[in-house]
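Dock chain B against chain A, hints included.
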Amino acid sequence: MKLFILTWIARVSKIICCGSLLMIAEQSKACGPDFSNYYLTYLLEHYQYGNRFYDLQFDPEHRYYSKGEDFGTPTLDTKKYNIIAWKKILKIETNNQDSLFTDVLYTSNNSETFIANLNNCNNYKTAIIANPEIEKYFSYLYTYKNKYAPNNDDWDYGKYTKSINLETITPYCNDLEKQINETKSNPLQLRYLYLLLRTTHLNLHYSTTINLFEKYKKLCTNQNMLEQNWCEGIVGGAYIKANQQAQGIYYTARVFSKSDDQYREALCTYNQSKKDWQGALAYCKNTADSIAILLLQTAQNPIPDVSMVENIYRINPQHEAIQLLWLREANKLETYLLNRQNNDYELYNSNADEPKNMTAIIKKNNYIKQFVALGNTMLANPNTAHKATIANVLAYYAFRIKQYAMAKQYITIAKKSVPTVMEIPQTEILEQVITLQESQKINYVSVLNCLKKNEKFPKYGLASHINHYLLYNELAPLFMKNKDTNSAYWCYALSSALDADSTGAYIGDYSPEAFNTSTFDSYLLLHQFGISDINKLEKQFIAKKGNNELANYCIANIQFKNGKKSFAELKAKKYMMMQQWDEAIALIPQLPASYLATKTMNPVNVYYNDIINYTPKMDSLRTFSVAKILTLANTLKQNADKKIAKDQYLYGVLLYNLSYYGKAHNVVDNHWSHSNYNISSYYKTDSVNVYYYQNEKQFEAQKMSPLFYNYFYCTDAEAYLHKALDNLQTPEEKTNCLWMLAKCWQKRCPVKITRNKEYGYVESYGDYVNNALKNPYFKQLQTQYTATQAYQNVKGNCDYFKLYLAGK
Amino acid sequence: MKIWALLFIVLLANSCEQNKAESNSFYYWKTTYNPTKFENDYVEKHNVKNIYIRCFDVMYETENSYKPSNVVLWNQKPNPKINYIPVVFIDKKIFEQIDSVQNKELSKNIMKLCKQIFDSQHLPISEIQIDCDWAGLSKENYFYFLKEIKKDVKIVSATLRLHQYKYQTQSGIPPVDYCSLMCYNIGDVKSNNNSNSILNKIDFDSYTKGDYYPKPINIALPIYTWSLLFRNNQFAGILPQIPILDTGNWRKINGLQYECKNSFLDTISSRYFYSQDVIKVENCSKEEWNTITTYIKNKIKNPKHEIIYFDMDSASIQNYLLR
Chain A
-11 MKLFILTWIA
-1 RVSKIICCGS
9 LLMIAEQSKA
19 CGPDFSNYYL
29 TYLLEHYQYG
39 NRFYDLQFDP
49 EHRYYSKGED
59 FGTPTLDTKK
69 YNIIAWKKIL
79 KIETNNQDSL
89 FTDVLYTSNN
99 SETFIANLNN
109 CNNYKTAIIA
119 NPEIEKYFSY
129 LYTYKNKYAP
139 NNDDWDYGKY
149 TKSINLETIT
159 PYCNDLEKQI
169 NETKSNPLQL
179 RYLYLLLRTT
189 HLNLHYSTTI
199 NLFEKYKKLC
209 TNQNMLEQNW
219 CEGIVGGAYI
229 KANQQAQGIY
239 YTARVFSKSD
249 DQYREALCTY
259 NQSKKDWQGA
269 LAYCKNTADS
279 IAILLLQTAQ
289 NPIPDVSMVE
299 NIYRINPQHE
309 AIQLLWLREA
319 NKLETYLLNR
329 QNNDYELYNS
339 NADEPKNMTA
349 IIKKNNYIKQ
359 FVALGNTMLA
369 NPNTAHKATI
379 ANVLAYYAFR
389 IKQYAMAKQY
399 ITIAKKSVPT
409 VMEIPQTEIL
419 EQVITLQESQ
429 KINYVSVLNC
439 LKKNEKFPKY
449 GLASHINHYL
459 LYNELAPLFM
469 KNKDTNSAYW
479 CYALSSALDA
489 DSTGAYIGDY
499 SPEAFNTSTF
509 DSYLLLHQFG
519 ISDINKLEKQ
529 FIAKKGNNEL
539 ANYCIANIQF
549 KNGKKSFAEL
559 KAKKYMMMQQ
569 WDEAIALIPQ
579 LPASYLATKT
589 MNPVNVYYND
599 IINYTPKMDS
609 LRTFSVAKIL
619 TLANTLKQNA
629 DKKIAKDQYL
639 YGVLLYNLSY
649 YGKAHNVVDN
659 HWSHSNYNIS
669 SYYKTDSVNV
679 YYYQNEKQFE
689 AQKMSPLFYN
699 YFYCTDAEAY
709 LHKALDNLQT
719 PEEKTNCLWM
729 LAKCWQKRCP
739 VKITRNKEYG
749 YVESYGDYVN
759 NALKNPYFKQ
769 LQTQYTATQA
779 YQNVKGNCDY
789 FKLYLAGK
Chain B
9 MKIWALLFIV
19 LLANSCEQNK
29 AESNSFYYWK
39 TTYNPTKFEN
49 DYVEKHNVKN
59 IYIRCFDVMY
69 ETENSYKPSN
79 VVLWNQKPNP
89 KINYIPVVFI
99 DKKIFEQIDS
109 VQNKELSKNI
119 MKLCKQIFDS
129 QHLPISEIQI
139 DCDWAGLSKE
149 NYFYFLKEIK
159 KDVKIVSATL
169 RLHQYKYQTQ
179 SGIPPVDYCS
189 LMCYNIGDVK
199 SNNNSNSILN
209 KIDFDSYTKG
219 DYYPKPINIA
229 LPIYTWSLLF
239 RNNQFAGILP
249 QIPILDTGNW
259 RKINGLQYEC
269 KNSFLDTISS
279 RYFYSQDVIK
289 VENCSKEEWN
299 TITTYIKNKI
309 KNPKHEIIYF
319 DMDSASIQNY
329 LLR
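Residue numbers (our numbering), protein chains in the order written: chain A, -11 to 796; chain B, 9 to 331.
So that you can see chain A by itself, here it is in the shape it has in the complex (with noise of 0.2 Å):
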């Protein structure tokens, strides 16, 4: 079996809608970097979410900005440290008034509201009334904010027009100054000097920020407090504004070392600089603050350089940063190098927006030795702290390049160091791949071994991650050789469960930009899969007893939104699609609530555009219920199998609104793009996996399954349309239903697909749009039907139509 896996050839032509793919398996949100199928990747995956470094982690989709500004993230909630501070401040222990009092600060208007306000919140209000010194303050605070704050509606021109000018805040200013000098409290004497500052820089006076930051940069005595922490990251942005870079930065890589609500903030205003560190560093008064720098540097480089990890490790061996910076570096090797097979990792650059070859720069510059050798440096050092993330990277890139026997070397170098929490798993998981890859035993058997013994670790993390792969890539694809396609099954079933990603948004819904995650389940759903076989996985979903003892454990360990119910909704909706509506009218009684309560537009009406949306507008027209769409295609199918001309109609109209261009398509499918063509390879661009890329020529020479034909190319909608015809009544109805068979036969219009290097797979525009208007119906419509509000219609709506005529 191939370790590694062949590349993931990245076809823009994303695609498709899907079917039914209701059998999501569920799962929790989970954290750390994305993980990729098709690799053994981020087996070092490391700092779990609250933990600061958490946002620096390497993370090659999102290079250019910090994870903690990714999506799903949530917001820092930096109230909640002013509160800690205000309560030392107020010398309140207790914890029950805290989120009332955070309310009351941030709304009230003034300082009277303010006081008044406090009454549901005694201890403090108590605190504050007994200090005259505070009460005073909170009396400046608000003066500010209703007087000199300047404008913060991003959209309100005034915020980028009307600053304050100096004249008008000095009075305030020099009254700030007097309250700083005859304050006795240092945290008071640091928020008089954040007002003052904020006042003057937010106005647009860098200049006198400086200067009163100088001027008062005494009080800060090197504590890491937070007010101080205020002070210095608003004269690092005042500096950076005034064009003094390097000491803007300096005291921008004080805050980002030492702040726990601001670090994100600095981050953002280094990146808002001429990133001068080296500048930076002669204003350096001690090592902290010169490693502060460097890790500001070097935290979000997407470039391979082991040299900053070297000039930390030899300021401080001990430092934390360090271990963020080294594993850094093992994922940019990984990422760059050890995941490609026959192509290079291009990293685009964000200033020229052209990529930099990333494999290159790292086989040019002797990258792996450096990297190597400085890892054997610091385990040569008794002094160097994280010994064991140290060596659980060198063991993980000595087992990617097949050196076995040196990984285990290192194995144990890592179980000999003073291991931490987050090591301990990686040592451990690290070890079992290592065994089971080594011996070349994987097998149902080997596999639940490491299942089990991972069971200790926590959910959606490392021991997630490995388990996924080893089910996903390992040994699925071993039971689908086998042909127990059952089991092979609950491997990808129970594999996208587990399937711990940093978001876990797409596992739910399961887009389509993101099929090629690990849907090879829902493959094997619809188009695999006939009634029977999802009957017998049922059987075994409720018995929890598959074919073997994996399967067991899959079966016991996923969780389907809708329990067996699940497997009601799939069997109905693939009965839907061969339109057999006594049969999903039969299951009714099983399906989820869930899916009972979808509601659709009208799947009878003749709808003269195709578009779909899901504006509040488009949902107050979707009023028809399964059942009912149910009920009503078994009536018109029966009696247009007798030939009633209106029903044959009706019903044709009804399956082209099921179809993927219909108003009614979410009663058959589960997810839907508008952004679908190419569908024919709906499983060849959706379920790439190991399976797939072993048996690609089988892949190659399979048809769309007949189950979606009807759904793409709308062929029995056409066929029953072209029965009704000549027995329609209405000029009116047979203008639309030449329309509606007009419409049919366009989803099957012959465009050309090229394939070109940006873009992938392509259609030729022009040629599609020639050859729409080769539409055998539209001469029909053109000199039979003039006359009718139904061509009206037509003709206002139809581009292809228009062209037409013009044409004529």
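Since the hints were derived computationally from the structure, they do not count as laboratory data. Possibly wrong hints are sitting among the right ones.
With a straight-line Cα cutoff of 30 Å, these simulated BS3-like cross-link-like pairs (lysine-lysine) come out [said to hold, decoys possible]:
#1 A:Lys352 / B:Lys174
#2 B:Lys75 / A:Lys133
#3 A:Lys262 / B:Lys100
#4 A:Lys735 / B:Lys57
#5 A:Lys229 / B:Lys120
#6 B:Lys223 / B:Lys147
#7 B:Lys159 / A:Lys783
#8 B:Lys116 / A:Lys783
#9 A:Lys147 / B:Lys38
#10 A:Lys549 / A:Lys533
#11 B:Lys120 / A:Lys135
#12 A:Lys790 / B:Lys38
#13 B:Lys123 / A:Lys229
#14 B:Lys158 / A:Lys147
#15 A:Lys229 / B:Lys223
#16 B:Lys174 / A:Lys147
#17 A:Lys229 / B:Lys101
#18 B:Lys85 / A:Lys67
#19 A:Lys133 / B:Lys116
#20 A:Lys605 / B:Lys269
#21 A:Lys150 / A:Lys172
#22 A:Lys344 / B:Lys101
#23 A:Lys147 / B:Lys120
#24 B:Lys85 / A:Lys229
#25 B:Lys57 / A:Lys135
#26 B:Lys101 / A:Lys262
#27 A:Lys229 / A:Lys273
#28 A:Lys263 / B:Lys101
#29 A:Lys344 / B:Lys100
#30 A:Lys605 / B:Lys155
#31 B:Lys45 / B:Lys57
#32 A:Lys150 / B:Lys85
#33 A:Lys263 / B:Lys75
#34 B:Lys162 / A:Lys605
#35 B:Lys223 / A:Lys147
#36 A:Lys150 / B:Lys75
Chain B only, in chain A's frame:
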């Protein structure tokens, strides 16, 4: 036969259209509106009709979060003889994330800020142009946005990249009144060869095989110059400032490229250059520029007969429009 007849009529119609008089306009892309005297004079003397002024960019921040940046400030009163059209650049990533409610809110916010920017100078808004490099994932939301913005303004136009022009099926046709085709940054910037990546006929041809575009099109033409740095034969970036090249430090390789003879610190651009660094200065002669731009104008079907130069800058005007 009928198709040929149709094509003939379309071509005939197009060839007639080409003879219509063109109007000249400019993009104003700087963050402060403060044209030089030379620029103001040029606008007066050459009957410039429109100035498409970039009002602000809307940048993606985090999920559900975006905000305007680089909001334009007026350091001069607008010229009353000119029609000013607000242009807003929107990061396409925003349209990959937002839902329809946020989309409506975005459109309202953009119109609000544009109106305030124009109100501050007592300028009316009857038209807006949206600049967004939309693609597959952002297309649906972007088009929805354009429809929303159309509710608040009479004319809506959109910029059109050449790839969107070529791959019409994939990119879709934006629901706007007209498009501005951006005929620049055509070629391969990273390619260290003798061709001009800003504007060249061969690369332009690779995008336009005479496809009809179902919206009227005006043409945005480049009048800027840039210099690209290549180190070890690899593209190393765009130089923000062009160093002085007719000194002993540089050797001219061909019409566009200069090679650094010995490593030195260039005090003009504050940059250290290494021996064998190559700088490629991408501009072209007026004749070349005229030939190519005439070619482009003739190639575009369904034209709106407006040329917009990108962007208003004294040096560029002197280089391309006056020399």
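Going down the list of hints, with the structure as the test:
1. With a CA separation close to 38 Å, the supplied pair Lys352 of chain A and Lys174 of chain B exceeds the 30 Å bound.
2. With a C-alpha separation of about 22 Å, the suggested pairing of Lys75 of chain B with Lys133 of chain A holds against the 30 Å cut-off.
3. Annotation: proposed proximity of Lys262 of chain A to Lys100 of chain B holds, straight-line Cα distance about 25 Å (limit 30 Å).
4. A C-alpha spacing of about 45 Å is found between Lys735 of chain A and Lys57 of chain B, which places the hinted pair above 30 Å, so the restraint is violated.
5. At roughly 28 Å between alpha-carbon atoms, Lys229 of chain A and Lys120 of chain B fall within 30 Å of each other, so this suggested pair holds.
6. Restraint check for Lys223 of chain B and Lys147 of chain B: satisfied, since their Cα atoms lie roughly 17 Å apart, inside the 30 Å limit.
7. Distance check on the hinted pair: Lys159 of chain B and Lys783 of chain A sit about 24 Å apart at the alpha-carbon level, within 30 Å; holds.
8. Straight-line distance between C-alpha atoms of Lys116 of chain B and Lys783 of chain A comes to about 33 Å, which puts the hinted pair past the 30 Å bound.
9. A distance of roughly 19 Å separates the Cα atoms of Lys147 of chain A and Lys38 of chain B; the hinted pair therefore holds under the 30 Å criterion.
10. Pair hint Lys549 of chain A plus Lys533 of chain A holds up; C-alpha atoms about 19 Å apart against a cutoff of 30 Å.
11. As the CA atoms of Lys120 of chain B and Lys135 of chain A are separated by approximately 24 Å, the hinted pair is consistent with the 30 Å bound.
12. For the hint pairing Lys790 of chain A with Lys38 of chain B, the CA-to-CA distance comes to about 43 Å; that exceeds 30 Å, so the pair is violated.
13. A threshold of 30 Å between alpha carbons decides the hint, and for Lys123 of chain B with Lys229 of chain A the separation of about 28 Å falls inside it, so the pair holds.
14. For the hint pairing Lys158 of chain B with Lys147 of chain A, the CA-to-CA distance comes to about 26 Å; that is within 30 Å, so the pair holds.
15. For the hint linking Lys229 of chain A to Lys223 of chain B, the alpha-carbon distance of about 44 Å lies beyond 30 Å, and the restraint is violated.
16. Straight-line distance between C-alpha atoms of Lys174 of chain B and Lys147 of chain A comes to about 41 Å, which puts the hinted pair past the 30 Å bound.
17. Distance restraint check for Lys229 of chain A and Lys101 of chain B: the Cα-Cα separation of roughly 27 Å lies within the 30 Å cut-off, and the hinted pair is therefore satisfied.
18. For the given pair, Lys85 of chain B sits about 43 Å from Lys67 of chain A by alpha-carbon distance, which is inconsistent with the 30 Å threshold.
19. In summary, the hint linking Lys133 of chain A to Lys116 of chain B is supported, as the alpha carbons are separated by about 27 Å, within the 30 Å threshold.
20. A C-alpha spacing of about 68 Å is found between Lys605 of chain A and Lys269 of chain B, which places the hinted pair above 30 Å, so the restraint is violated.
21. With a C-alpha separation of about 35 Å, the suggested pair Lys150 of chain A and Lys172 of chain A falls outside the 30 Å cut-off, and the hint is violated.
22. Between Lys344 of chain A and Lys101 of chain B, the direct Cα distance comes to roughly 22 Å. Compliance with the 30 Å bound is thereby established for this hinted pair.
23. Using a Cα cut-off of 30 Å, the hinted pair Lys147 of chain A and Lys120 of chain B holds, with the two alpha carbons roughly 13 Å apart.
24. Only pairs whose Cα atoms come within 30 Å are accepted, and Lys85 of chain B paired with Lys229 of chain A is accepted, the gap being roughly 27 Å.
25. Of the supplied pair hints, the one linking Lys57 of chain B and Lys135 of chain A is violated, its CA atoms being roughly 43 Å apart against a limit of 30 Å.
26. About 25 Å separates the Cα atoms of Lys101 of chain B and Lys262 of chain A, which keeps this hinted pair within 30 Å; it holds.
27. Between Lys229 of chain A and Lys273 of chain A, the direct Cα distance comes to roughly 23 Å. Compliance with the 30 Å bound is thereby established for this hinted pair.
28. Of the supplied pair hints, the one linking Lys263 of chain A and Lys101 of chain B holds, its CA atoms being roughly 25 Å apart against a limit of 30 Å.
29. At most 30 Å may separate the alpha-carbon atoms for a hinted pair to count; Lys344 of chain A and Lys100 of chain B meet this at roughly 23 Å.
30. Proposed proximity of Lys605 of chain A and Lys155 of chain B is supported: the alpha carbons are some 15 Å apart, at most 30 Å.
31. Proposed proximity of Lys45 of chain B and Lys57 of chain B is supported: the alpha carbons are some 18 Å apart, at most 30 Å.
32. The hinted pair formed by Lys150 of chain A and Lys85 of chain B meets the criterion: a straight-line CA distance of about 17 Å does not exceed 30 Å.
33. Pair hint Lys263 of chain A plus Lys75 of chain B holds up; C-alpha atoms about 23 Å apart against a cutoff of 30 Å.
34. This hinted pair checks out: Lys162 of chain B and Lys605 of chain A have alpha carbons roughly 23 Å apart, not beyond 30 Å.
35. Distance check on the hinted pair: Lys223 of chain B and Lys147 of chain A sit about 37 Å apart at the alpha-carbon level, beyond 30 Å; violated.
36. Taking the CA atoms of Lys150 of chain A and Lys75 of chain B, the gap is about 18 Å. The hint holds against a cut of 30 Å.
Hints 1, 4, 8, 12, 15, 16, 18, 20, 21, 25 and 35 from the list above are not met by this structure, while the remaining hints are.
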